[in-house]
Amino acid sequence: MSGLALPRLIGITRRSPTLAIGAAILLVFAAMAIAAPWIAPFDPVQAQPFNVLAAPGGAHPFGTDGNGMDVLSRVIAGAGWAFGIAIPAVLVGILAGVPLGLYTGYRGGWFDEIAMRFFDALRVFPSIILALAVVAAAGPSLFNVVLVIGLLDSPVFARVVRAEVLALRHSGFVESARAAGNPTWRILFVHILPNAIQGAMAQAAVRAAWAVRISATLAFLGVGVQPPTPEWGAMIRQGAEYLVTGQWWVGVFPGLALILMVLGLNMLGDGLQDLLDPRRKAATR
Amino acid sequence: MTAPVLEVRSLVKHFAAGRATVHAVNDVSFTLNAGETLGLVGESGSGKSTIGRCVTRLLRPTGGSIHFLGQDITSLSDAACRPMRAQMQIVFQDPWSALNPRMRIGDLIAEPLLLHSRLPATERRDRAESLARRVRLTTELLGRFPAELSGGQLQRVCIARAIATDPRLIVLDEPTSSLDLSVRAGILDLLAELRAETGTAMIFISHDLGTVKLICDRILVLYLGAVVEEASAATLFEAPAHPYTQALISAYLPADPIAPLRRIALEGEVPSPINLPPGCHFAGRCPVALPRCRSEAPRLDILSPGHRAACLRIGDGGNRL
Amino acid sequence: MSLLSVENLHTHFISRDLDNRVRVFRALNGVSFTLDAGQVLGLVGETGAGKSLTATSILGLLRPPAKVVAGQAVFAGEDLLTIKEGALNALRGHDIGLVVQSPKSSLDPLSRIGDQLIRIHRAHTNASGAEARARAEAMLTSLGIPGRMRAWPHELSGGMAQRVLIALALMNAPRLLIADEPTTGLDVTVQAQILDLLRDLVRRSGVAAMVITHDLGVVAHYCDAMAVMYAGAIVESGPVTAVFARPTHPYTVNLIAATPQRLRLGAARTIGGPPPNLLALPEGCAYRDRCPLAGPDCATPPPERALADGHVVRCHRV
Chain Y
0 MSGLALPRLI GITRRSPTLA IGAAILLVFA AMAIAAPWIA PFDPVQAQPF
50 NVLAAPGGAH PFGTDGNGMD VLSRVIAGAG WAFGIAIPAV LVGILAGVPL
100 GLYTGYRGGW FDEIAMRFFD ALRVFPSIIL ALAVVAAAGP SLFNVVLVIG
150 LLDSPVFARV VRAEVLALRH SGFVESARAA GNPTWRILFV HILPNAIQGA
200 MAQAAVRAAW AVRISATLAF LGVGVQPPTP EWGAMIRQGA EYLVTGQWWV
250 GVFPGLALIL MVLGLNMLGD GLQDLLDPRR KAATR
Chain Z
0 MTAPVLEVRS LVKHFAAGRA TVHAVNDVSF TLNAGETLGL VGESGSGKST
50 IGRCVTRLLR PTGGSIHFLG QDITSLSDAA CRPMRAQMQI VFQDPWSALN
100 PRMRIGDLIA EPLLLHSRLP ATERRDRAES LARRVRLTTE LLGRFPAELS
150 GGQLQRVCIA RAIATDPRLI VLDEPTSSLD LSVRAGILDL LAELRAETGT
200 AMIFISHDLG TVKLICDRIL VLYLGAVVEE ASAATLFEAP AHPYTQALIS
250 AYLPADPIAP LRRIALEGEV PSPINLPPGC HFAGRCPVAL PRCRSEAPRL
300 DILSPGHRAA CLRIGDGGNR L
Chain W
0 MSLLSVENLH THFISRDLDN RVRVFRALNG VSFTLDAGQV LGLVGETGAG
50 KSLTATSILG LLRPPAKVVA GQAVFAGEDL LTIKEGALNA LRGHDIGLVV
100 QSPKSSLDPL SRIGDQLIRI HRAHTNASGA EARARAEAML TSLGIPGRMR
150 AWPHELSGGM AQRVLIALAL MNAPRLLIAD EPTTGLDVTV QAQILDLLRD
200 LVRRSGVAAM VITHDLGVVA HYCDAMAVMY AGAIVESGPV TAVFARPTHP
250 YTVNLIAATP QRLRLGAART IGGPPPNLLA LPEGCAYRDR CPLAGPDCAT
300 PPPERALADG HVVRCHRV
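As you go down the protein sequences, you meet chains Y, Z and W in turn.
Read in order, the letters of the first sequence are residues 0 to 284 in numbering that gives the first Met the number 0.
Read in order, the letters of the second sequence are residues 0 to 320 in numbering that gives the first Met the number 0.
Read in order, the letters of the third sequence are residues 0 to 317 in numbering that gives the first Met the number 0.
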């Protein structure tokens with residue numbers, strides 16, 4: 000099978016260049032996150048009081064920040080924080096949203112009606128304000144940030160899964176599963192879920208991008224992860240203060256990293272959606 | 000005399016369609032004995048599939064009663080129906096959509112055993128293999144997914160699932176209609192063989208008279224959710240009494256150019272089951288309808304033992320076309 | 000001379016798989032037949048045999064990745080496969096009428112029935128609006144649905160929609176009518192009405208018709224000649240009575256034996272093996288892998304053997 004890996008990779012790249020580019024960007028960030036202790040030239044939280052706000056160049060290619068910490072090392076370490084928040088947050092979103100979507104879609108009726116109206120309400124309300132309020136009230140711990148982002152994400156997963164379930168609910172195999180004597184939980188989790196999860200999986204990457212963005216925003220507003228943790232949002236907040244005084248590198252480099260990762264995740268999500276779209280699949284058969 | 004496998008009395012099923020009501024099944028009664036194959040024949044809107052789904056309790060009847068093996072199952076809850084499903088199975092028309100695309104064939108065949116028996120996994124696998132062989136599938140297919148099989152093979156998988164728990168009743172809802180002719184023959188052959196081996200009672204739902212004639216002992220002809228005629232297969236084709244049955248049989252095209260055709264042209268199409276006409280539902284298309292057919296509903300009258308028909312013209316002999 | 004003469008038609012689907020390898024799906028592999036004026040030809044075969052594709056190939060209605068790679072289809076002296084798109088457009092709908100499988104989705108949902116009939120007539124002729132209207136009304140009457148000029152497609156039942164499609168196809172008095180599964184999905188009593196109607200119209204106007212169907216009953220009673228397709232080629236053809244009386248190709252023999260009239264349960268001689276894989280057809284006879292009579296010589300292309308009066312079969316075992 001390994002002999003086929005390369006042509007298959009080329010085939011996927013040809014079919015969806017978006018997916019390939021997104022995946023490549025994320026692979027670079029993942030490698031950065033994992034290898035951070037070895038590739039970062041300095042300790043990301045080591046302050047050098049005599050070398051604050053050094054311009055990029057020499058030993059500090061991205062310069063140093065107001066505490067004299069190496070910006071490059073902090074940007075590299077920030078990749079780990081971004082993944083560390085986004086991945087658990089998306090998992091929380093999936094674990095809460097998918098079963099809800101399954102059940103509401105299959106049951107229908109008033110329960111479905113109420114759940115969907117509630118989700119609509121959540122969607123119109125600006126999620127950043129909601130997140131801000133909750134984190135401010137519960138305290139700005141990493142755990143709270145992950146939980147809030149995940150729960151705010153869950154309606155999205157619930158909706159995607161519910162839409163699939165509505166289409167599958169009356170399909171032949173669900174009826175024949177019922178006729179065979181399957182209990183409801185088995186129909187939901189064994190028969191419907193594996194056929195309804197694709198859309199949610201493609202959503203996951205897009206929602207991870209959102210999680211990265213919102214956690215950075217929370218940190219930027221000062222209610223998320225606190226400095227001097229090398230979190231991109233916190234770094235941008237710090238950098239913003241120096242932007243007016245001309246030390247652009249403190250905020251711009253973490254900003255670029257953030258943009259690039261969000262872009263990569265979005266491209267991966269779009270590409271996956273294209274690739275998993277059954278209509279597209281049928282057309283290429 | 001043992002109790003019948005299935006006893007359906009005055010079955011009624013309505014569906015809501017917006018504000019209107021679809022009268023899918025209107026007062027249908029029949030009895031099915033062990034080992035017997037009953038055919039339900041009719042065109043679209045005749046309610047034949049709805050009857051199949053009510054009998055297997057995939058739908059809850061609006062009225063009437065259904066007794067299965069002596070037990071009243073008319074209004075059992077879904078959960079209460081579950082243990083009964085080991086005794087009663089259904090095979091659907093479209094084998095491509097009837098199997099979970101993400102389960103392997105072996106797991107699909109073994110699923111009823113998982114649900115209804117306490118057999119350990121290894122034994123279930125052995126049973127799945129022997130079931131596969133019984134429906135003439137090679138056991139190497141057990142590891143595949145439904146998308147890798149042909150329509151005929153998939154329908155055999157559905158049949159293997161249906162016989163896995165040795166049910167007393169199998170409802171076959173147009174099991175061969177979406178299959179090619181050559182594949183169809185093999186499936187019919189298999190069903191006949193399984194019936195001979197197991198003595199399972201079957202309800203065979205179809206719009207194809209040729210197939211029904213071949214496999215059924217007794218046939219119910221349905222029109223707009225009501226039985227218009229009931230007879231043994233031989234009687235029905237030799238001496239159809241109801242004008243609709245006669246027209247239906249005459250419209251059938253045997254695959255033989257020298258077989259004589261006796262065309263009885265029917266006007267129009269089956270009316271909507273939302274606004275059922277009063278009197279005999281067939282009166283609007285019937286070539287021999289009298290004015291009173293449009294107001295007076297005919298009863299199913301016994302013509303000879305086992306032969307019943309619902310037509311007011313039978314009394315005066317004017318039912319022959 | 001025949002009205003339509005199709006010679007050695009090959010149509011392939013050419014695509015790339017996930018591994019980026021070129022896949023050639025050989026859907027039609029040398030289809031040849033002729034159709035005379037006034038004749039009704041039944042093209043029969045099972046799913047994937049290439050019946051509908053034969054029609055769409057001839058009419059130039061293929062969409063990528065399907066492509067005619069060889070052959071010719073001469074209609075009234077012109078090869079439809081090489082003719083210019085404009086000239087083909089003029090033929091389609093005027094000299095050649097097509098009745099497709101799904102009547103409901105083939106009608107323009109936003110125009111009234113009468114307007115659609117008038118439109119197709121005026122697109123191909125110089126008829127005035129009043130002339131076209133009169134013709135449309137006469138056409139609907141002859142199809143048994145008079146007074147439906149102002150009806151919308153969604154108001155029609157399946158049987159009525161199929162009649163309207165036939166009216167559309169016959170509006171310009173075509174010389175060739177191609178009907179692709181014209182009664183599939185209709186109730187049997189309605190099917191009988193449509194088929195009787197279609198046959199009467201064909202007889203009266205002397206138009207040649209090609210009926211594509213999987214129903215041997217339709218072929219037996221409504222066609223003069225039949226051609227049996229298997230894996231994108233015609234394996235047997237001839238007058239309907241001759242083929243049914245003396246089916247000769249092993250595939251035809253099995254097909255006819257599988258009809259409910261001939262089928263004996265418990266002794267069914269069913270067609271064994273999987274359906275043909277059009278991505279990798281065997282060399283020689285495509286039916287070889289499933290044929291009970293296959294021998295080593297079947298690895299070469301089967302010769303065309305003529306039996307009595309136009310009955311032709313392509314098989315080594317004749």
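Hints were generated in silico from the structure; no laboratory data involved.
Fair warning: there could be bad hints in the mix.
Here are the simulated SDA-like pairs of lysine to any residue, each with C-alpha atoms no more than 25 Å apart in a straight line [to be verified]:
id, chain 1, residue 1, chain 2, residue 2
1, W, Lys103, Z, Gly17
2, Z, Lys212, W, Lys103
3, Z, Lys212, W, Thr183
4, Z, Lys212, W, Leu280
To list a few chain W residues with every Cβ distance to chain Z over 12 Å, as calculated [to be verified]:
id, residue
5, Gln71
6, Arg134
7, Glu136
Source: prediction; values computed, not measured.
For every residue, glycine included, the Cβ atom is placed at its ideal position computed from N, Cα and C.
If I take the minimum Cβ distance from W:Glu136 to any residue of chain Z, is it greater than 12 Å?
holds (20 Å)
Between the alpha carbons of Z:Lys212 and W:Thr183, is the straight-line distance 25 Å or under?
holds (21 Å)
For W:Lys103 and Z:Gly17, compute the direct alpha-carbon distance and say whether it is at most 25 Å.
holds (22 Å)
Between Z:Lys212 and W:Lys103, does the CA-CA distance stay at or below 25 Å?
Given that 25 Å is the threshold and the Cα spacing comes to 32 Å, the pair is violated.
Pairwise hint evaluation, W:Leu280 against Z:Lys212, where the allowed Cα distance is 25 Å at most
violated (37 Å)
Could you check that no beta carbon of chain Z comes within 12 Å of the beta carbon of W:Arg134?
holds (25 Å)
Cβ separation check - W:Gln71 to all of chain Z, threshold 12 Å:
W:Gln71 is indeed farther than 12 Å from all Cβ atoms of chain Z, at 30 Å.
Comparing the model with each earlier hint shows violations of hints 2 and 4; every other hint is respected.
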